[in-house]
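A.B. asks: Note that the protein sequences, when read in sequence, are chains A and B. Okay, so the first sequence: first residue is 56 according to the numbering used here, each after it adds one. Okay, so the second sequence: first residue is 56 according to the numbering used here, each after it adds one.
Hints listed in this document are in silico derivations from the structure and should not be mistaken for laboratory results. Since the structure is predicted, the reported quantities are computational estimates derived from the model, not experimental observations. Some hints could be false.
Said to hold, decoys possible - Have a look at the derived ranges for each label pair, beta carbon to beta carbon:
#1 B/Val-135 <-> A/Leu-159: 20 to 28 Å
#2 A/Glu-202 <-> B/Gly-77: 40 to 48 Å
#3 A/Gly-64 <-> B/Asp-204: 19 to 27 Å
#4 B/Cys-59 <-> A/Leu-159: 49 to 57 Å
#5 A/Val-135 <-> B/Asp-136: 22 to 30 Å
#6 A/Gln-122 <-> B/Pro-97: 22 to 30 Å
#7 B/Asp-169 <-> A/Glu-75: 22 to 30 Å
#8 A/Gly-215 <-> B/Pro-97: 37 to 45 Å
#9 B/Lys-217 <-> A/Asp-169: 35 to 43 Å
#10 A/Glu-202 <-> B/Pro-97: 26 to 34 Å
#11 B/Gly-64 <-> A/Lys-90: 30 to 38 Å
#12 A/Phe-96 <-> B/Glu-162: 37 to 45 Å
Claimed, not checked - Below, simulated EDC-like cross-link-like pairs (lysine to aspartate or glutamate); rule was C-alpha separation at most 16 Å, straight line:
#13 A/Lys-87 <-> A/Asp-201
#14 B/Lys-120 <-> A/Glu-98
#15 A/Lys-188 <-> B/Glu-202
#16 A/Lys-125 <-> B/Glu-98
#17 A/Lys-129 <-> B/Asp-169
#18 A/Lys-120 <-> B/Glu-60
#19 B/Lys-188 <-> B/Glu-72
#20 B/Lys-196 <-> A/Glu-108
#21 B/Lys-125 <-> A/Glu-202
#22 B/Lys-188 <-> A/Glu-108
#23 A/Lys-211 <-> A/Asp-201
#24 A/Lys-188 <-> B/Asp-105
#25 B/Lys-188 <-> A/Asp-105
#26 A/Lys-129 <-> B/Asp-101
#27 A/Lys-188 <-> B/Asp-101
#28 A/Lys-125 <-> B/Asp-101
#29 A/Lys-196 <-> B/Glu-202
#30 B/Lys-129 <-> A/Glu-98
#31 A/Lys-211 <-> A/Asp-134
#32 B/Lys-129 <-> A/Glu-202
#33 B/Lys-188 <-> A/Glu-202
#34 A/Lys-196 <-> B/Asp-105
#35 B/Lys-196 <-> A/Asp-204
#36 B/Lys-125 <-> A/Glu-72
#37 B/Lys-217 <-> B/Glu-75
From the three backbone atoms N, C-alpha and C, an ideal C-beta is built for every residue, glycine too.
Protein chains: 2
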Amino acid sequence: MNKCEILYGAIGIIHSEHKEEGKTPIQPVYAKGSKGYVELFPEFLDGLRDLNEFSHIYLIYHFHKAQQAKLVVKPYLQDVDHGVFATRAPCRPNPIGLSVVELLGIEDNVLHLDGVDILDGTPLLDIKPYTTKFDLRNVTKNGWQDEVDGHTARKKGKRGYKS
Amino acid sequence: MNKCEILYGAIGIIHSEHKEEGKTPIQPVYAKGSKGYVELFPEFLDGLRDLNEFSHIYLIYHFHKAQQAKLVVKPYLQDVDHGVFATRAPCRPNPIGLSVVELLGIEDNVLHLDGVDILDGTPLLDIKPYTTKFDLRNVTKNGWQDEVDGHTARKKGKRGYKS
């Protein structure tokens, strides 16, 4: 196993009110009230069975508007250089985005969401349930994020979105 | 934007004690004590700056041994059919894996980990910090997972791994 090429295809499109990168909230926790929806391509419809019984889901998607990858970046929340893997910035070697969003309901192949921090038109790669058993972990160290107070983080993290 | 093809490349390899799919724990919470490491390809080294100050990280990886995608699956924890997007099963349309692992330390391009539920030799796609601000969410519904008691889940979830 070495530096293989890995080919994926979009399973759907994420729709949101965010039309400009610079005004898109940086995380779902700073996008509360921002509704959006996933339009899953109809051939994947059977994969949604029972998903509506989860309150939160992971969306894994392709940052289709990401700039060229950089290994050292200043995150939106702090004007200090960090390694890109210590941030959630989009300009990653593989521009993969990860958001935990609230699932409001499902109608046919449409998933209605709250807390959408994703640019309109983003290609979706995968959906997974976010669950108490698997995903709530005992974090003890938050690195540079602990240096940013909650008020500043919320203000910077919304990036123009008014909730 | 429609059904585009998306090309990624491995940024490193995940090494673990798990050599057989059927004996690999299904989630990090059932793999406590199972050490492993990421060998990041050296050209990405600068991306690790300050990552060692986080206790937990997301690994996003390619299920390179996944069987053909199925839209309806029985998850390991329950003998009932569910849509694949309502489970964490590997046989997904895009076989992308997601694990929250404990970061024990970093030496050069090697990340030492605990709670590794990943098959040895798995290609790594991305690393992100898992943080209190972004990733601890107020889950209210866990779908079918609420029907599986904790003892049964631990027993089935370890799949032969003795912690």
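A.B. asks: Are the hints correct? Go through all of them and say.
C.D. replies: To see whether the hints hold, each was checked on the structure:
1. Range check, B/Val-135 to A/Leu-159: about 25 Å between beta-carbon atoms, so the 20 to 28 Å window is met.
2. For A/Glu-202 paired with B/Gly-77, a C-beta distance near 44 Å keeps the hint of 40 to 48 Å intact.
3. At roughly 38 Å, the beta-carbon separation of A/Gly-64 and B/Asp-204 lies outside the given 19 to 27 Å, and the hint is violated.
4. Between B/Cys-59 and A/Leu-159 the Cβ separation comes to about 27 Å, which falls outside the hinted range of 49 to 57 Å.
5. The hinted window of 22 to 30 Å between A/Val-135 and B/Asp-136 is violated, with their beta carbons roughly 49 Å apart.
6. For the pair A/Gln-122 and B/Pro-97, the beta carbons lie near 23 Å from each other, so the given range of 22 to 30 Å is met.
7. At about 41 Å, the CB distance of B/Asp-169 to A/Glu-75 disagrees with the hint of 22 to 30 Å.
8. About 39 Å separates the C-beta atoms of A/Gly-215 and B/Pro-97, a value consistent with the hinted range of 37 to 45 Å.
9. Look at B/Lys-217 against A/Asp-169: about 42 Å separates their beta carbons, and that is inside 35 to 43 Å.
10. Range check, A/Glu-202 to B/Pro-97: about 29 Å between beta-carbon atoms, so the 26 to 34 Å window is met.
11. Checked against the hint of 30 to 38 Å, the C-beta distance between B/Gly-64 and A/Lys-90 comes to roughly 35 Å, which is consistent with it.
12. For A/Phe-96 and B/Glu-162, the hinted distance range of 37 to 45 Å is satisfied, since their beta carbons lie about 43 Å from each other.
13. For the proposed pair A/Lys-87 and A/Asp-201, the alpha carbon gap of about 21 Å is over 16 Å, so the pair is violated.
14. With a CA separation close to 23 Å, the supplied pair B/Lys-120 and A/Glu-98 exceeds the 16 Å bound.
15. With a C-alpha separation of about 12 Å, the suggested pair A/Lys-188 and B/Glu-202 falls inside the 16 Å cut-off, and the hint holds.
16. A hinted pair counts as satisfied when its Cα atoms are at most 16 Å apart, and A/Lys-125 with B/Glu-98 qualifies at roughly 12 Å.
17. As the CA atoms of A/Lys-129 and B/Asp-169 are separated by approximately 28 Å, the hinted pair breaks the 16 Å bound.
18. At roughly 15 Å between alpha-carbon atoms, A/Lys-120 and B/Glu-60 fall within 16 Å of each other, so this suggested pair holds.
19. Between B/Lys-188 and B/Glu-72, the direct Cα distance comes to roughly 32 Å. Violation of the 16 Å bound is thereby established for this hinted pair.
20. With a CA separation close to 6 Å, the supplied pair B/Lys-196 and A/Glu-108 stays within the 16 Å bound.
21. Distance restraint check for B/Lys-125 and A/Glu-202: the Cα-Cα separation of roughly 44 Å exceeds the 16 Å cut-off, and the hinted pair is therefore not satisfied.
22. With a C-alpha separation of about 25 Å, the suggested pairing of B/Lys-188 with A/Glu-108 is violated against the 16 Å cut-off.
23. The suggested pairing of A/Lys-211 with A/Asp-201 holds, with an alpha-carbon distance near 15 Å, which does not exceed 16 Å.
24. For the suggested pair A/Lys-188 and B/Asp-105, the alpha carbons sit about 29 Å apart, so the restraint of at most 16 Å is broken.
25. Pair hint B/Lys-188 plus A/Asp-105 does not hold up; C-alpha atoms about 29 Å apart against a cutoff of 16 Å.
26. At most 16 Å may separate the alpha-carbon atoms for a hinted pair to count; A/Lys-129 and B/Asp-101 meet this at roughly 13 Å.
27. A distance of roughly 34 Å separates the Cα atoms of A/Lys-188 and B/Asp-101; the hinted pair therefore is violated under the 16 Å criterion.
28. Restraint check for A/Lys-125 and B/Asp-101: satisfied, since their Cα atoms lie roughly 9 Å apart, inside the 16 Å limit.
29. Annotation: proposed proximity of A/Lys-196 to B/Glu-202 is violated, straight-line Cα distance about 32 Å (limit 16 Å).
30. A hinted pair counts as satisfied when its Cα atoms are at most 16 Å apart, and B/Lys-129 with A/Glu-98 does not qualify at roughly 20 Å.
31. In summary, the hint linking A/Lys-211 to A/Asp-134 is supported, as the alpha carbons are separated by about 11 Å, within the 16 Å threshold.
32. Proximity of B/Lys-129 to A/Glu-202 is assessed by CA-CA distance (about 44 Å); at most 16 Å being required, the pair is judged violated.
33. Simply put, B/Lys-188 and A/Glu-202 have alpha-carbon atoms about 12 Å apart, close enough for the 16 Å limit, and the pair holds.
34. Note on A/Lys-196 and B/Asp-105: the hinted pairing holds, with a Cα-Cα distance of about 12 Å set against a maximum of 16 Å.
35. Restraint check for B/Lys-196 and A/Asp-204: not satisfied, since their Cα atoms lie roughly 30 Å apart, outside the 16 Å limit.
36. A hinted pair counts as satisfied when its Cα atoms are at most 16 Å apart, and B/Lys-125 with A/Glu-72 does not qualify at roughly 32 Å.
37. The hinted pair formed by B/Lys-217 and B/Glu-75 meets the criterion: a straight-line CA distance of about 14 Å does not exceed 16 Å.
Of the numbered hints given earlier, the model fails hints 3, 4, 5, 7, 13, 14, 17, 19, 21, 22, 24, 25, 27, 29, 30, 32, 35, 36; all others are met.
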